[in-house]
Amino acid sequence: MIAFNKYYNHFNLLSSVLIVVSLLLLIFKGLNFGIDFKGGTLIELRASDSKINVSSLRDRFNQMDLGDVSVKKFGNDTDFLVKFENKDNKKNIIEEIKANLDKSFGNNYDFRRVENVGPKVSAELLKSGVIAISLSLALMLIYIWIRFEWQFSLGAILALFHDVIVTLGVFSLFSLEINLSIIAAVLTIVGYSMNDTVVIFDRVRENLRKYSDIKIFELTNISINETLSRTIITSATTLLALLAIYFFGGEILKGFSLAMILGVVFGTYSSIYIANTVLVRLKVSQKTVLREENDKK
Amino acid sequence: MLYFSKLRILFITLFSVLFILIALSNLFKFDDNFFDKKINLGLDLQGGSYLLLEIDNEPVIEQKLQNLTTTIRNYFKEKNIKINNIKIKNQNIFFNVIENDKQSILDVFQDENSDLNPYYPRFKSHQLEIEDTGLNLKVNFSRQGLIKLKNSSQDQAIEIVRRRVDEVGTNEPNILKRGNNRILVELPGLDDPMRIKSLLGKTANLTFRFVTNDENDRFGVEKLKFENGIEEATVSKRIIISGENLLDAQPKMDTQANQTIVSFTLDRVGAKRFGKATSTGIGKQLAIVLDGKIISAPVVRDTIASGSGQISGGFTFQTATDLALLLRSGALPAPLEIIEERTVGPDLGQDSINAGMIALAIGFMLVIVFMFIKYKIFGLITNVTLIVNLFILLGVLTLFEATLTLPGIAGIILTVGMAVDANVLIFERIKEELKDETNNILAFDGGYTKSRTAILDANITTLLAAIILFFMGSGPVKGFAVTLGVGIFTTLFSVYFIARLFTSIYVSRNKDKEKLI
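Residue numbers (our numbering), protein chains in the order written: chain E, -11 to 285; chain G, 333 to 849.
Note that these hints are calculated values from the structure, not bench results. Treat each hint with caution, since some may be false.
Here are some of the chain E residues that sit facing chain G, going by a computed Cβ distance under 8 Å [claimed, not checked]:
1. E103
2. K108
3. V109
4. L114
5. S116
6. A120
7. L175
8. G179
9. I210
10. N213
11. S217
12. T225
13. I233
14. L241
15. G243
All residues carry an ideal CB built from backbone N, CA and C; glycine is no exception.
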């Protein structure tokens, strides 16, 4: 049996630090919103001429007066991702750019993907993203509250907040782009983290009924150990699937799979070190479970 | 938990085989009408354009209010009620009244059968609202009035959009309403949306012109096609009236002749010109041309000088409604703005499919190898279940003709990763049971029963997340929610029926074996 409970305090401290740092990052550095949430235009461009590279593209685009332009390599050497604000929301901007690029590069390039999100739409997408995440947290809270006692709900929700905040913190730290698929990833993380916590809680509750003489500090540790191989195997297979998406699923899914990978790691960690420690700190005992059940009857 | 009746086994087998066949029908052509369904590829996989258009209703409202001032002025003039200084400001009509008339004016607006303020019998609310601000009254559209106006302007715009899209001739376009002021256009396979975008930006052009046989018409002539694209007519280039002169067009029932007609009203300038033209043109055919196509060519029967006329000619109520809608679309075209555009080239789509499939294959292999190493014979059972699960998932998606997107493929891969969870929970539980239970069958029974709540809880939480994603997400992300959500159900089915069937067979054959798992 691994003594997870020996490190409850250490990891609680670590998590608190992580959350505070993440919040500070989110407040002061902010998130790198993609065009989905900021508005603007994105062009994925494939070149068939080695003359076309990041700097020559940047030169060309900067001459076009498009506001803030960012040019990056996208996957391999011939693919580029160009993003700009398109502040005035010009209508025929893509045609203008094409005409302009034709002059310098001829036909040696191809627009593979063009996205243009107006300011109104991006504001709405951001709003619905925030609503979606809040709604999912609320629903999880309600669900767990119906299924378990309030101490358990608190533990699960704290673990969820931890996972979401720290994942977003990592995205802020490395200035990774937040787009629609990241919202999808965060929601899935919420589901996954909850899933993981619920499995351990289920066992904690079962053990609480079984043993009246074991303190919650020990009992959580027993439960974690009993469910440990399941935790490891499920995390491993999920991570294997996600790593396959990250490495082979193409550039478009990179951000999404990275967020999910982070989420699974944090989710697994928080189920053990946050959800359970809340039970310990709230001094949950056999009485908590039995009293609640009597009330329900 | 281990007993399966023959009937149940049959059911499970049939069900699985059915869905596997449906899934396979995406790849192979079966000569059966039942298997003609296919998974749709999202725009991000097959390439194409997604355009979100917003209708600018401001000019329409302005124009309607402008027309209303004339109506209001004439209405009260007829009734000998004095109103002064009528003007429009910030989408409100203001006019001055004298104290003695005020009450009767307010009554007119609040009357349930008022001609000036219709709708009441149908919607139980007025089109217009009047606000009593002393001797200066304020009239504007009510909430209901605005909604009605926006809806009809959306109907008109969608008609124009549909015609423009047809002109470009893309295959299976998808044109949908979004809210009451937006239109979503999905154009699969369209590589270069430039032409459609410039077409959508143009305002609709409606003209009334005479059909002529005189090739030497002073204004020139042109051959134009009818709506059906077959018949043609030679039409003079002289424009009698154009869309801006048309105030309204509605389908009506002519009770005297007992036929459906389309009645229309013109503005003052239009009425004058139309009167002149129809007085000299009785017996001639008048072509109504919308965006270069003749939508109707009625014969002029009479001089129409009053500014309101009617078109008759064997309409059903549906065709009359359609024609009226077309007339209105050309009359007051609301400007459309593209507020969101996402275009994916077909080669990128193909690349995404390839990448997605490779990731799926590799993810699948990794999980399978891992499970086999970890659980041996039970890993094998899990793996077979996993494969069947994947096919059932694809089968369900095919059956519902769901749209598969790139995030959708990611959802399938993730399902593969998470689907083992339920089996793992069960197997781990069985292992624990075996610690103090010597009877294999009882241990397996216990493993299944005792892990059930955890499995249900775990899947419900993921399902909740998927449901929220489905309702809040858009486009590709919705595809992810679909595969993730459907994946949960297929996983539960395959775990509790297929995997359990296999385990039960294995366990009952090895009931005395030690260290079974």
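Each hint, compared with the structure:
Interface restraint check: E/E103 against chain G, minimum CB-CB distance 5 Å, threshold 8 Å, status holds. Of the supplied interface hints, the one on E/K108 holds, with its beta-carbon coming within about 6 Å of a beta-carbon of chain G, less than 8 Å. Contact between E/V109 and chain G, as hinted, is supported at the beta carbon level, the nearest pair being about 5 Å apart and thus within 8 Å. The beta carbon of E/L114 comes no nearer than 12 Å to any beta carbon in chain G, farther than 8 Å, and the hint placing it at the interface is violated.
A hinted interface residue such as E/S116 counts as satisfied when its beta carbon comes closer than 8 Å to some beta carbon of chain G; here the least separation is about 5 Å, so the hint holds. This hint holds: E/A120 has a C-beta 4 Å from the nearest C-beta of chain G, less than the 8 Å allowed. For E/L175, the shortest C-beta to C-beta distance to chain G is roughly 5 Å, which falls under 8 Å, so the interface hint holds. With a cut of 8 Å, the hint placing E/G179 at the interface with chain G holds, because the nearest CB-to-CB distance is about 3 Å.
The restraint placing E/I210 at the interface with chain G is violated, with a minimum CB-CB distance near 12 Å, outside the 8 Å limit. For E/N213, the suggested interface contact is broken, since its CB lies about 11 Å from the closest CB of chain G, more than 8 Å. The interface hint given for E/S217 is met, as the beta carbon of that residue sits about 6 Å from the closest beta carbon of chain G, less than 8 Å. The beta carbon of E/T225 is positioned within 8 Å of a beta carbon in chain G (closest approach about 5 Å), and the interface hint is therefore held.
For E/I233, the interface hint holds, since its Cβ comes within 8 Å of a Cβ in chain G; the closest pair sits about 5 Å apart. The criterion of a C-beta within 8 Å of any C-beta in chain G is met by E/L241, whose closest approach is roughly 6 Å, and the hint holds. Taken as an interface hint, E/G243 does not check out: its beta carbon lies about 11 Å from the nearest beta carbon of chain G, beyond 8 Å.
In this structure, the hints that do not hold are numbers 4, 9, 10, 15, in rising order.
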